[in-house]
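These protein sequence lines are chains A and B, in that order.
For the first sequence, my numbering gives the first residue as 1, with consecutive numbering after it.
For the second sequence, my numbering gives the first residue as 1, with consecutive numbering after it.
Think of the hints as simulated: they come from the structure by calculation, not from any bench.
C-beta: ideal position from N, C-alpha, C; glycine also.
Fair warning: there could be bad hints in the mix.
[Unchecked claim] Label-pair ranges, simulated between beta-carbon atoms:
hint: 1; chain 1: B; residue 1: Thr153; chain 2: A; residue 2: Glu248; range: 16 to 22 Å
hint: 2; chain 1: B; residue 1: Thr106; chain 2: A; residue 2: Arg64; range: 37 to 43 Å
hint: 3; chain 1: B; residue 1: Arg159; chain 2: A; residue 2: Thr86; range: 45 to 51 Å
hint: 4; chain 1: B; residue 1: Glu86; chain 2: A; residue 2: Thr86; range: 27 to 33 Å
[Unchecked claim] If you want the ones that stay clear, here's a sample from chain A, every Cβ over 10 Å from chain B, calculated:
hint: 5; residue: Glu5
hint: 6; residue: Pro27
hint: 7; residue: Thr61
hint: 8; residue: Gly66
hint: 9; residue: Leu68
hint: 10; residue: Pro93
hint: 11; residue: Arg94
hint: 12; residue: Glu139
hint: 13; residue: Trp150
hint: 14; residue: Ser195
hint: 15; residue: Asp222
The chain contents come next:
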Amino acid sequence: MLIDEKKCVACGNCVSVCPMGAIHIDPVKRRATVNQDECVECYTCYRGMSKEHLNPVIVRTIRRIGGLFRWRFDPEPDVCPTDALTEPELSWPRVVRRAFSDPIVPHESTGVHGRGTEEVKTNDVTNRVGFGDAGFTIEFGRPTVGVRFWQIQEMTRELAKMDLTFEKRNPVTSLMTNPVTGDLREDILNEKILSAIVEFKASLRNVPAILRKVKEVANRLDTIVAIGAAARCDENGDNELEEILRQESFGFVRGKTNLGLGRASNAVPEAQEATVSAT
Amino acid sequence: MTNTLHRYGDEHSLRNDFIVFAIPCRGYNDQDAVPKLRQFLRMAVKHDPVNIGDGSRGSMYRPNRSLNPMAHWSRDTKPDIEEVVEKVANPTTVAAVFDNKTAAETFIEELRKADLGLSINLSASIANAQTCCHDIDLPRHSVEYSLGFIGKTDRLADRQVLELSTMCGHGMISFTFARKMIDWVREGRRTPEQACRYMSRFCSCGIYNPTRAKEILEEAMLRNS
């Protein structure tokens, strides 16, 4: 993201809005400044803040006079008063930052918004996670901590050694140069993003080993890892995964329940191989 | 919408948080999805959701591109429901947030009868979702469990900030902004309702639950986190 110095009045509203803490007021220039290495191009400031189109000179003058008397204007905290935030033109590899950080932008690889995954949300239609399977979503950088791809690669390399199958229709998998080793494209490794999900499925019997491995690698990374584990339910709505998770001392309060009301209806269903073998 | 999976909070904090969403599956049922997604939202509106949204075009609380300066004193805060429903233009995820189990259950019942053919998911506490399914005699097809946060957890914020911030799972509500809203409410600079509206505008998918956010802010007013 860019901030137009001619327009910025250093009100500071964008500073607290930035999920990465990448914006600060430069004390010399007295303008908001973006740390480009930390900015993940999530567009939270650009899209999330309302805009007035006030004259910057007038606003600065009023602020200066108010400041002399130690008066503090108490403005709306989600407004950029002079429309100073400017959309940058992104090129490769920086464009990857926006693809993984701005939920409004659909991922090219999957056509899905957000983090680009369908997981078990459409399992009633695809049956991707079947009986005896466990589906995993390992998410990095969430909430609002951020992650670089080289950190994700540390996990994918370790996971690739295990008996599991990476989901093909997943934005991180589409950036793998080799799903057998878990290697990601070299030119994106240092790019920072808000969050990304590594998605795979495995046999239920491998769940304990996978969870232990994920924990072990996550403890080496300087970011947050959020784990989601999913299973297909039987006709009574029960599944074996819950007990496995309890045995592994994983508590769960929150979840997402697919209610089984979906079905394929396209005239020509897409016969697509949805997985890439890791081993 | 893993976006809704990892909401931070215990069973009590999540008791009034029910998100029902519809998602078309690319290559399987996305060709005729747009009218069905609009129908989903129209049906949801009848059950008084506290928020609705379209994953690609925004929620009923949205920022204004050309705000009048008078907004600092009298801002139009009326949610724009029709804008969300009518602007659904492509196969995307649409969601409705409810702050009570009865409304969520009744809506799901109605969806079952409407037979849209899209995948319908309920994101809530596992216990609440299970009770819902039991009450309406609809066995769960698949479940995804949030196993929480691991790794460098010392980089996380405190409980109330986490509860407010993770209600937008895409991370559009920064820890700093959530903390600022708590502080402003405690200092009496804004009401909890006003602070909720500010935060809701940043969640572009419309899955932010302003009722729950208000409860968290009111709790924060009364005691330290």
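**OP:** Please write out, lowest number first, the hints stated earlier that are contradicted by the structure.
**Re:** 2, 3, 12, 14 and 15
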